[in-house]
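A.B. asks: Since chain V is already given, all that's left is putting chain A on it; use the hints.
So the sequences go chain by chain: V and A. Using this note's numbering, the letters of the first sequence correspond one by one to residues 1 to 332. Using this note's numbering, the letters of the second sequence correspond one by one to residues 333 to 906.
Just so you know, these hints were derived from the structure itself, not from any lab. Note that the coordinates shown come from a computational prediction; the quantities given were computed from them, not determined experimentally. Some clues are possibly wrong.
[To be verified] If you want a taste of the chain V side facing chain A, the calculated C-beta under 8 Å gives, among others:
1. PRO31
2. PHE183
3. ASN293
4. ARG295
[Said to hold, decoys possible] So these bits of chain V aren't anywhere near chain A, every CB distance computed over 10 Å:
5. ALA20
6. SER41
7. VAL46
8. ILE121
9. GLU224
10. PRO251
11. ILE329
[Claimed, not checked] Computed Cβ-Cβ distance ranges for the label pairs, DEER-style:
12. A:THR833 / V:LEU64: 42 to 48 Å
13. A:ASP835 / V:THR15: 56 to 62 Å
14. A:SER836 / V:GLN62: 37 to 43 Å
15. V:GLN114 / A:PRO832: 57 to 63 Å
16. A:GLU707 / V:ILE121: 56 to 62 Å
17. V:ALA56 / A:GLU663: 55 to 61 Å
18. A:LYS843 / V:LEU64: 15 to 21 Å
19. A:PRO502 / V:GLN62: 19 to 25 Å
20. A:ASP590 / V:PRO63: 22 to 28 Å
21. A:GLU663 / V:ALA110: 44 to 50 Å
22. A:THR730 / V:PHE177: 57 to 63 Å
23. V:PHE177 / A:ASP643: 17 to 23 Å
24. V:ARG57 / A:GLN778: 34 to 40 Å
25. A:ASP643 / V:VAL317: 51 to 57 Å
Just so you know, even glycine gets a beta-carbon here, dropped at the ideal spot from N, CA and C.
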Amino acid sequence: MQQYIAQRLLLMIPTLFGVALFIFLLMRVLPGDIVEIRFTSEGGFVSEEMIQIERARLGLDQPLPVQFIKWMYGLIGQPSVDAQFPFIHLQAPDLGVSMWTGRPITEEIAIRFQLSLQVAIMGTLLSILIAIPLGTLAAMYQDTWIDYSVRIFSVGGLAIPSFWLGILIILFLLNTFNWIPPFIFTPIWEDPGKNLTQLIWPTLAIGYSYSAIATRMMRSSMLEVLRDDYVRTARAKGLLEHVTVVRHVLPNAMLPVITVVGLEFAFLLGGLVVTEQVFNLNGIGKLFVEAINHRDYTLTQALVLLVAVTFIFVNFVVDLLYAAFDPRIKYE
Amino acid sequence: MKFRWSHSFIILFAIGIFFLTGCDNTSSNQDQDTNTTQETNQNTDNNTSANTSTETNTTTETSTTDSGVIIPKSGGILDFAVPRDPPSFDCHRENTFACIHPIAPFYSLLARFDQNNYPAIVGDVAESWDVSDDGLNYTFHLHDDILFHDGSKLTAEDVKATYEKIIFPPEGIVSARKGSYLMVDSVEAPDDVTVVFNLKWPSISFLANIASPWNFIYKASILAEDPTWYESNVMGTGAFKFVEYVNGAFLSGERFDDYFMPGRPYLDGFKAIFINSMSARVAAVRGGEALIEFRGFTPTARDDIVRQLGDEAVVQEGPWICYLNVAINNEREPFNDSRIRRALNLALDRWGASDTISKITFIGYVGGLMRPGSEFAAPEEELTQYEGFWTDIEASRTEARRLLEEAGIDEGFSFQFKNRAIGDPFEHVGVWLIDQWSQIGLNVEQVVQEDAAFFADRSGGNFDATMDWECGFMDEPDLQLFKFLSTGVSGSNYSRYSDPTLDSLYERQSKAATIEERIGIVREFERYLFNEQAYTFPTLWYYRISPHWAKVKGWTQLPSHYLNQDLRDVWLDE
Numbered sequence: 001m002q003q004y005i006a007q008r009l010l011l012m013i014p015t016l017f018g019v020a021l022f023i024f025l026l027m028r029v030l031p032g033d034i035v036e037i038r039f040t041s042e043g044g045f046v047s048e049e050m051i052q053i054e055r056a057r058l059g060l061d062q063p064l065p066v067q068f069i070k071w072m073y074g075l076i077g078q079p080s081v082d083a084q085f086p087f088i089h090l091q092a093p094d095l096g097v098s099m100w101t102g103r104p105i106t107e108e109i110a111i112r113f114q115l116s117l118q119v120a121i122m123g124t125l126l127s128i129l130i131a132i133p134l135g136t137l138a139a140m141y142q143d144t145w146i147d148y149s150v151r152i153f154s155v156g157g158l159a160i161p162s163f164w165l166g167i168l169i170i171l172f173l174l175n176t177f178n179w180i181p182p183f184i185f186t187p188i189w190e191d192p193g194k195n196l197t198q199l200i201w202p203t204l205a206i207g208y209s210y211s212a213i214a215t216r217m218m219r220s221s222m223l224e225v226l227r228d229d230y231v232r233t234a235r236a237k238g239l240l241e242h243v244t245v246v247r248h249v250l251p252n253a254m255l256p257v258i259t260v261v262g263l264e265f266a267f268l269l270g271g272l273v274v275t276e277q278v279f280n281l282n283g284i285g286k287l288f289v290e291a292i293n294h295r296d297y298t299l300t301q302a303l304v305l306l307v308a309v310t311f312i313f314v315n316f317v318v319d320l321l322y323a324a325f326d327p328r329i330k331y332e
Numbered sequence: 333m334k335f336r337w338s339h340s341f342i343i344l345f346a347i348g349i350f351f352l353t354g355c356d357n358t359s360s361n362q363d364q365d366t367n368t369t370q371e372t373n374q375n376t377d378n379n380t381s382a383n384t385s386t387e388t389n390t391t392t393e394t395s396t397t398d399s400g401v402i403i404p405k406s407g408g409i410l411d412f413a414v415p416r417d418p419p420s421f422d423c424h425r426e427n428t429f430a431c432i433h434p435i436a437p438f439y440s441l442l443a444r445f446d447q448n449n450y451p452a453i454v455g456d457v458a459e460s461w462d463v464s465d466d467g468l469n470y471t472f473h474l475h476d477d478i479l480f481h482d483g484s485k486l487t488a489e490d491v492k493a494t495y496e497k498i499i500f501p502p503e504g505i506v507s508a509r510k511g512s513y514l515m516v517d518s519v520e521a522p523d524d525v526t527v528v529f530n531l532k533w534p535s536i537s538f539l540a541n542i543a544s545p546w547n548f549i550y551k552a553s554i555l556a557e558d559p560t561w562y563e564s565n566v567m568g569t570g571a572f573k574f575v576e577y578v579n580g581a582f583l584s585g586e587r588f589d590d591y592f593m594p595g596r597p598y599l600d601g602f603k604a605i606f607i608n609s610m611s612a613r614v615a616a617v618r619g620g621e622a623l624i625e626f627r628g629f630t631p632t633a634r635d636d637i638v639r640q641l642g643d644e645a646v647v648q649e650g651p652w653i654c655y656l657n658v659a660i661n662n663e664r665e666p667f668n669d670s671r672i673r674r675a676l677n678l679a680l681d682r683w684g685a686s687d688t689i690s691k692i693t694f695i696g697y698v699g700g701l702m703r704p705g706s707e708f709a710a711p712e713e714e715l716t717q718y719e720g721f722w723t724d725i726e727a728s729r730t731e732a733r734r735l736l737e738e739a740g741i742d743e744g745f746s747f748q749f750k751n752r753a754i755g756d757p758f759e760h761v762g763v764w765l766i767d768q769w770s771q772i773g774l775n776v777e778q779v780v781q782e783d784a785a786f787f788a789d790r791s792g793g794n795f796d797a798t799m800d801w802e803c804g805f806m807d808e809p810d811l812q813l814f815k816f817l818s819t820g821v822s823g824s825n826y827s828r829y830s831d832p833t834l835d836s837l838y839e840r841q842s843k844a845a846t847i848e849e850r851i852g853i854v855r856e857f858e859r860y861l862f863n864e865q866a867y868t869f870p871t872l873w874y875y876r877i878s879p880h881w882a883k884v885k886g887w888t889q890l891p892s893h894y895l896n897q898d899l900r901d902v903w904l905d906e
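Extracted from the complex, chain A is given alone in its bound form:
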């Protein structure tokens, strides 16, 4: 009798656990057949696609005019998830999306990327701008009716003070992107509505840098009094006013009634809820505690959300200006031999991986140094000529083995690959790399490290090969190629090499007179890096997946998670 009772308890307990866990796994597997997943694979295969996202929407639209135009509704509070707190409120000094997502709604920019026509740039506080014939002077004409949240009027002095803080920061003040504005000689404000940037040399990327999502416009008088004030306070001209911040919990804003754009914003307010754990963020969207998370989810998370919300879910997917990179320590033997580095690159079956890895994590586009599908990216016929991108993987690996043999590397040569202790997508790609290298006879051990130790080893050169990555806010060679310049020139070159050829090509493309000329030099840069040196090389590019509640309207996913976060066009269909 005693035995039966205890037995029954175990069986009931086991059934309960099986039911609870089984529900979730089963449903995830079923979702492999949904339209959403098919959409993902199509995107991955299509490397020439698109700056815009594909949207899977199963809901019916409401509030349309006779001509079918959707009329946005006003009102409502948007609750959205952010994976972590902003380190400070001053995005001029920060380098994380966790600053932009909750803080951008409080500020305006001088110019911004158009969410409906990326990468076109449109004015924000600037109504229009002129460029001098020699390309050395950019004159911005501001709207004359813009108010700060304290009721004072925005003038050109505010824009000038903001950009001077970014480009020529006062002593002791950090400006994270100061290096992007080396071409700027001075900033002037000849009158209240005119700002002039005088450049040292013509720069094609200057305007894009002006539209940087980090460059919130601050108030000149506040900056003059205390340039650190904005680190812990918020006061801008954006569509929303700051209400409350509870560290680790949430940050909220309310509509700014005097916002300069008529009829905007649509929302009454927003609440950014800080949720660290990916599973908790997924649960938050599934349960309606958050309607959207603007960075992106994994394919599995997307499937869970779609299954839970059904018709109430929308999924936006598309390419992302982020990629994972293999950095090789060029100061260590035998990796200072280009044949070995080239062999490591040639071993990677990127085309095969784009089909498989994309099913488990948000990565999968095959591309060179520029985002696949972007203006500067190598077209597929050219890309497949680069070493490491050949479609015939057997030929590629045969060449890799030949190079290793020529370099005197024996079968079973061992080294360590250091990686971040983050599953998506780092560890997945790390496992893939180990497998790829094993197929040319190398024995590679993956060492997974927590962030602080990983960063210390990476910057200190304590590695054979390590994971590296890059995310940008726009498709711009000045930004994307900067990583590959010589150590000492580029702070983010962790591969520890010096190469005047790459430095010279970078400078040439940056100062090229035409787009065509620039594209040609970018191709030359890629060919040299992949076919001759392979100091460091990309694995695969990310794709961005934003599943959200269908009632969130007016937000278009762009190729960067840093862009389009001011929420002024977002509305709730409820």
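Extracted from the complex, chain V is given alone in its bound form:
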């Protein structure tokens, strides 16, 4: 198991390097120039001389290989030799500064990450809380009104984009209570009430939408497992139905659901672009879109790497969870 974990961790290095190289080149291929966007988007008469000064300041006048090597150099960490100990030390990775704001990228991301992480956790938890019981009930009462209701509910979740549901929620709150959720994020440890007052609404919109796929996956997976021989055996030996379901069916039916939920969680961390706009959440998704729109190369590259790391890590955890849920799976 330890060897497997070590292998997976080592495999992350070439994967991330490939992602880094790919996004670096992709950003340079895209048309557009951060300096032009910055100085001419509202009209104005910024001279060519000023534009060249800014391009030089951002390092955009350097050849692409030089730009890439500089970025990698900061990312990997600058090696230094400790005088007291005969070791070469690597400094902490430096993501650099945002070309648009001039602020450290770690600061830009850190401010947004806690909000995105909390929304992702809350949205995922809500979608699990909806999906597992509903999917289970729909499978157990297949082709009854319960099943139909759950299917309509989950199809609704698939059909309604979370941002649109968010708009409906805001309009409902405004029209009914003359009130909207706060627009400024308060960390949960500072004021849990205020924090939940802001984040409960996007969580509802996201949780409902994202529960849809998991519910349908849970239902079909349950239906498959319910027909397996070992379930029939469990029933034949006289186990109560709920014991059969909880002990034998659910754990086996969970495997595909874990995969879906894991991928959804990773996506929620960086992909809530429109929902964040609707609720004015200062999250990673909004930052991502701004970075791409501004052609902020350094920030976009860092965010893509962050998302890549998240997906790799979540996939890794999902694989480990497989082993926990299914004793037949063993990693050598």
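C.D. replies: Here is chain A on its own, set in the frame of chain V:
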């Protein structure tokens, strides 16, 4: 039984959705009849109106003296929305209102536009000024009791260092408006309270450029140590002190108790909340999360806000120094033929559009190259003589067809019009243009692009015709006409032409001795551009709509969203 349950669920769900969405749409439509909308149309029709805004106010005033003068109240925090974060805190190098709106309250200017008497200029840190007889020396006398937020005293050296950074930036430092001060030869500070600007030639626009809202006064010693310090730090002499900035979320300030103007500011502080989405900004004002957004809203957004707030809403509306322009690629055939460009201009029914487009977006004034209603704008009787501005649209389009035929352009000739992927007002005007051109037999495809790709194509000349625009902080021909100078002279001429006649007219108006002479040359400039070349031409001018909570007092909407943002006169009636 099963079927009925699922059916009921669908019906209930549909009713719920209909109720939620229907509420909003219905109310918006109803608002078409409100006084606010009528006010808008009046403004649009009246092209000779006004530098000031019209205010629709349904609330009762409080705190008045016996003579009826309103006494401002002190205290309170003003929460206002800003559509995006400032790229940096140094507005000398930036070119967006998103820098001015949250940062201006921390700084003073040398002089400023008077919010009660635009375009009059009054002193800010300057108490008064003198101009030499030959117009080559401007001497500013400063208040001697102005403190920076760190407690140090402002002197003439600070003003000198600030303007030297703007006019003669050190190597590697960006100064976005350096080109506006070509007339300045040197800046001197003979004593602590006197600053002298020595000009190379007399310039009527110099004083207006001194009152530029971008020219925050910085501290000389800080600039000497690090001219980039102000990009990420704030320290000025303005009415508010910097408190906190959370990237992407908000920026806040608190009252500066030692501000040099007695009794100001009225507010205890402010919080600029960054809200990207227009719908979220509207929701923020409707729900009271923000009391105002200083740039402006669409007519629909205004109606939504007025409907929600009722008597607690005030709407200020008026002309805006912004317009959308059609830039034609003069290097591409057949657009290098002036007959085709003139035909494209003649096809536009601007007078008809001012009534219709203004109902859906914040655009609608018909004007030439200067803002309608401003000192330098062509009066209507003269404007209607320019090609493209005729009131008889049928005659105009007949002439357009004749020109096309003469130039050998067949019915159904196709080309692309590139536009920004922004609904208000770009795409609305783009759709209108396509329709107008189709009425003279042209088949134009609108290509909508995200900003970065759009800018790349525009500056690279990869277009037949493209949307262009301009916003200014004042009505000044030196600024507004600069766009139309030859490529290479003007960095913002995207139409790719070279015309010594326009360059010469520009220089003549800039150095004209009197306003009358200057106005005459501006007219000549417009006539030549519209009637003979039509390299590029304006569509319609913006109008600015600021709906806000009535309790926000002391702020007057001016024709530019760059002006009047220091918040020193703003107070809350609560």
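A.B. asks: Does each hint fit the structure? Answer for all of them.
C.D. replies: Hint by hint, here is what the structure shows:
1. PRO31: At about 4 Å, which falls below the 8 Å cut-off, the nearest Cβ of chain A leaves the hint on PRO31 (chain V) intact, so it holds.
2. PHE183: OK, holds: PHE183 (chain V) within 8 Å of chain A, min 5 Å.
3. ASN293: The hint holds - ASN293 (chain V) has a Cβ within 8 Å of chain A, the shortest such distance being about 6 Å.
4. ARG295: Interface hint status for ARG295 (chain V): holds (5 Å vs cutoff 8 Å).
5. ALA20: Label holds. Min Cβ-Cβ 21 Å, cutoff 10 Å.
6. SER41: It is violated; SER41 (chain V) is separated from chain A by about 7 Å at its closest Cβ, not greater than 10 Å.
7. VAL46: 5 Å, violated
8. ILE121: Per Cβ check, ILE121 (chain V) is outside 10 Å of chain A; nearest 20 Å; holds.
9. GLU224: Label holds. Min Cβ-Cβ 23 Å, cutoff 10 Å.
10. PRO251: 30 Å, holds
11. ILE329: ILE329 (chain V) clear of chain A: closest Cβ-Cβ about 38 Å, beyond 10 Å.
12. A:THR833 / V:LEU64: 42 to 48 Å: 43 Å, holds
13. A:ASP835 / V:THR15: 56 to 62 Å: For ASP835 (chain A) and THR15 (chain V) the Cβ distance comes to about 57 Å; the hint holds.
14. A:SER836 / V:GLN62: 37 to 43 Å: 41 Å, holds
15. V:GLN114 / A:PRO832: 57 to 63 Å: 60 Å, holds
16. A:GLU707 / V:ILE121: 56 to 62 Å: 60 Å, holds
17. V:ALA56 / A:GLU663: 55 to 61 Å: 28 Å, violated
18. A:LYS843 / V:LEU64: 15 to 21 Å: Check failed, 47 Å falls outside 15 to 21 Å.
19. A:PRO502 / V:GLN62: 19 to 25 Å: 22 Å, holds
20. A:ASP590 / V:PRO63: 22 to 28 Å: Given range 22 to 28 Å: violated, Cβ gap about 52 Å.
21. A:GLU663 / V:ALA110: 44 to 50 Å: Because 48 Å falls inside the window, the suggested range holds.
22. A:THR730 / V:PHE177: 57 to 63 Å: 58 Å, holds
23. V:PHE177 / A:ASP643: 17 to 23 Å: 19 Å, holds
24. V:ARG57 / A:GLN778: 34 to 40 Å: The hint (34 to 40 Å, Cβ to Cβ) holds, given that ARG57 (chain V) and GLN778 (chain A) are roughly 36 Å apart.
25. A:ASP643 / V:VAL317: 51 to 57 Å: 56 Å, holds
Checked against the numbered hints given earlier, the structure breaks hints 6, 7, 17, 18, 20 and satisfies all the rest.
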